[in-house]
Amino acid sequence: MSTSSTSLDMAFALLREGRLVDAEQVMVRELQDITQKYGSGSPEWASVQCDLGNVLLNSDQPARAVECYRAACSGPVPRDPEAHKDRLTYRMNLGMVLATTGRLDEAEAELRANVRERLAFYGREHAGYAFGLEPLAEVLLRRGDLRAARETVEETIQNFWRNGHERIATALALRARIVTAAGGGEPAFVALEQLPDEVVEEVALAVLNRVGERPETDGAVLSLLAEAMEARLGPDHQATLNALSQLANSDRSGDGAGRVVAIRKVLASYHRQGRAEEALMAELGLAMAQSDTGDLEGALRTYAEALDRAQGLGRADLVAQVLRNWGLALSEAERPAEGERRLREALSAAEYSGNQELLGRVRIALGLFLQHQERLAEARHIVEAGLGTLDVAHPDALVGRSHLGAIMEGRSCGCGDLPGVVAEAFREFVHSRLPQDLLADLGVSLKDGDFAVSVELRREPTQDELDQLNRVIQTATAEFRRRVAAT
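Using the numbering used here, the first residue of the sequence shown is number 1209, and each one after it goes up by one.
Please note: incorrect hints may appear among the correct ones.
Claimed, not checked - Just the calculated beta-carbon pair ranges, DEER-fashion:
id, residue 1, residue 2, range
1, Asn1266, Ser1653, 24 to 34 Å
2, Ser1248, Leu1665, 20 to 30 Å
3, Asp1405, Ala1484, 17 to 27 Å
4, Thr1425, Ala1541, 31 to 41 Å
5, Leu1665, Ala1545, 48 to 58 Å
6, Arg1287, Gly1628, 54 to 64 Å
Stated by the list, open to error - Listed below are the simulated DMTMM-like cross-link pairs for lysine to aspartate or glutamate, each with C-alpha atoms no more than 25 Å apart in a straight line:
id, residue 1, residue 2
7, Lys1473, Asp1405
8, Lys1473, Glu1424
9, Lys1473, Glu1542
10, Lys1473, Asp1503
11, Lys1293, Glu1374
12, Lys1473, Glu1438
13, Lys1293, Asp1230
14, Lys1473, Glu1406
15, Lys1245, Asp1288
16, Lys1293, Glu1238
17, Lys1473, Asp1444
18, Lys1245, Glu1290
19, Lys1473, Glu1410
20, Lys1473, Glu1435
21, Lys1245, Asp1230
22, Lys1293, Glu1333
23, Lys1293, Asp1241
24, Lys1293, Glu1275
25, Lys1293, Glu1401
26, Lys1655, Glu1617
27, Lys1245, Asp1672
28, Lys1293, Glu1252
29, Lys1293, Glu1325
30, Lys1473, Glu1486
31, Lys1245, Glu1673
32, Lys1655, Glu1632
33, Lys1293, Glu1363
34, Lys1655, Glu1438
35, Lys1655, Asp1599
36, Lys1655, Glu1687
37, Lys1245, Asp1217
38, Lys1655, Asp1268
39, Lys1473, Glu1401
40, Lys1655, Glu1636
No lab work stands behind these hints: they were computed from the structure.
Quick reminder that beta carbons are idealized off the backbone N, C-alpha and C, glycines included.
Taking the hints into account, I'd like the entire structure generated from these sequences.
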C-alpha cells in the first residue's frame, strides 16, 4: 500500500470518528511530503490533491474540495496513459462537485469537456466514455433540461449494457429519476427482471443515495421504487424495506398518511422475520408518525408496545430511548404527571446503560420538561448535568444550552438566545483545536443558518499556524452548519 493510500485510510477513519480537523491535517501533511519529494504539478502531487478534495468533500466542505480537484487537473495533460486516465477522473470530480455547490453552468462546461476528452481517449464504445456521460446527465436533470438529460442517460445505459458493466445500476436509477421528473406515466424502473439480484439492489441504493436533491419528486420516485423492489425482490427483502423506510422519512412534510402506511409495512416485515430490534426502531418511527398526524392516543399505545419489546430484549439503552420518547409524547398530550414518570424512568435506564450520549439526551429532555412545568431550580440542575455528558456541538447540547439561558433568566418557556449559544459553542470548538496563546478574540455570528467569523490574534502566527487556523474555522463552519440544521 502506498503512503498516500495509508494516509487516506487514516483520514477517513478520523472522519468516521467525527474528527474533521484531524482528518484534514493528515492529508495536508501528506501533500507537503509529496510536494517535497515529487514536486508541485507531478502526477503524485495531483493524486494527493484529489485525495484531499475527497476528504474535504466528505466533511461537508465542497467549495474547498473544488479547489483541490481544480489543482489536480491543472497543468499540461500527462503523457503517461495511466496518469492521463487519472486526470480524466479528477476533471469529472471537479464537474460533479461544482454541481453540488450549485455552480451548474461551470459544472456542465467541465463535464462536457470531460466527455470530449474521454471520447478521444477511450472511444465511444468503451465504458470509460459512459463514465463521463452519467454525471453530465445528472447535471442536465438538475438544470431542468429533461430532454437532453434523457438522451444522455439512455446513451449511458446502452454503453454499460453492451459492456456488461455494473454501473448500469446507477444509470438506471438516474433514468428513473429523469422519467419521474418528466411525468407522463412512463415506467420508471425498466429491465430489472434481466438483472441479477445484486445489481437490482444497487439500483435501489443509487436512488436512495440521491434522496433530498429533488424534494418535489422524491416521494413519487420512492413510491415507484418500493413497488418495483417488492415486485422484483419480495416484500421482506432489505432493498424493499429500505425504500419504504426512506419513503416514510421523506413524507414528513405531507399529511403523514403515506408515512404511517409505509412504516406499518416495514414493521409487519420485521415481525415476520423475527427481527425484534429493527421492529422496535420501526415502532418508534410509527409512534412519531402517528403523533405528527394528530393520532396521539395511537402513538401512546405504540410506545407501550415498544416498551414491552425493549424490555424483552434486555437492553437498558433501548428501554431508555423508548421511555424518553414516550415521556415527551405524554407531555405533548397534556398528561404531565405520566410524562414525568416516564422521563424519570428513562433517566434511570440511561444511567444503568452506561451510554453517556443517551444519558445526556435524556437529561436534557427531562430538564426542558421541568422548565415548562416552572420547576426552574430542578430544571437547571438536570440540564447542566446533561450538558456535561454531551459533545459541545451535539444538537441536543445546543438546544440544552439555549434553554439553560432561559432558565437562568427565570423563564419557564422559550429557548433563549440560540444563535448566541451556537456561536459560543463554535468558539469553544475552535479554541480547543489551536495553540492556546494564538487567539485574542474570535467573533462569531449566526444568521440564516450560516456563520460570519472574525479573528483577532495575540501574536504573529507562523505560516503553518495560519493555515491551521483557516482550516479549523472552515471545518468548524461546515460542522456547525450541519449541527444547526439538525436542531
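> Between Asn1266 and Ser1653, is the Cβ distance one that fits in 24 to 34 Å?
Replying inline: 27 Å, holds
> Going straight from one Cα to the other, do Lys1473 and Asp1405 come out at no more than 25 Å?
Replying inline: 21 Å, holds
> Is the hinted pair Lys1293 and Glu1333 satisfied, with a Cα-Cα distance of at most 25 Å?
Replying inline: Between Lys1293 and Glu1333 the Cα gap is close to 16 Å, so the pair holds against 25 Å.
> Does the Cβ distance between Asp1405 and Ala1484 fall inside 17 to 27 Å?
Replying inline: 26 Å, holds
> Taking only the CA atoms, is the gap from Lys1293 to Glu1275 under or equal to 25 Å?
Replying inline: Answer holds: Lys1293 to Glu1275 is near 20 Å, not above 25 Å.
> CA of Lys1655 to CA of Glu1636, is that 25 Å or under?
Replying inline: The given pair, whose Cα atoms are some 19 Å apart, holds under the 25 Å limit.
>> Next pair to validate is Lys1293 with Glu1401; report whether the Cα-Cα distance is within 25 Å.
In response: 34 Å, violated
>> Tell me if the straight-line CA distance from Lys1473 to Glu1410 falls inside 25 Å.
In response: Judged against 25 Å, a Cα distance of about 22 Å means the pair holds.
>> Please verify whether Lys1473 and Glu1542 have alpha carbons no more than 25 Å apart.
In response: Cα-Cα ~30 Å, so violated.
> Lys1655 and Glu1632: Cα distance at most 25 Å?
Replying inline: The hint holds at about 14 Å.
> When you check the alpha-carbon spacing of Lys1245 and Glu1290, does it fall within 25 Å?
Replying inline: Measuring from Cα to Cα gives roughly 20 Å; hence the hint holds.
>> Next pair to validate is Lys1473 with Glu1486; report whether the Cα-Cα distance is within 25 Å.
In response: 13 Å, holds
Comparing the model with each numbered hint stated earlier shows that hints 9, 13, 25, 34 do not hold.
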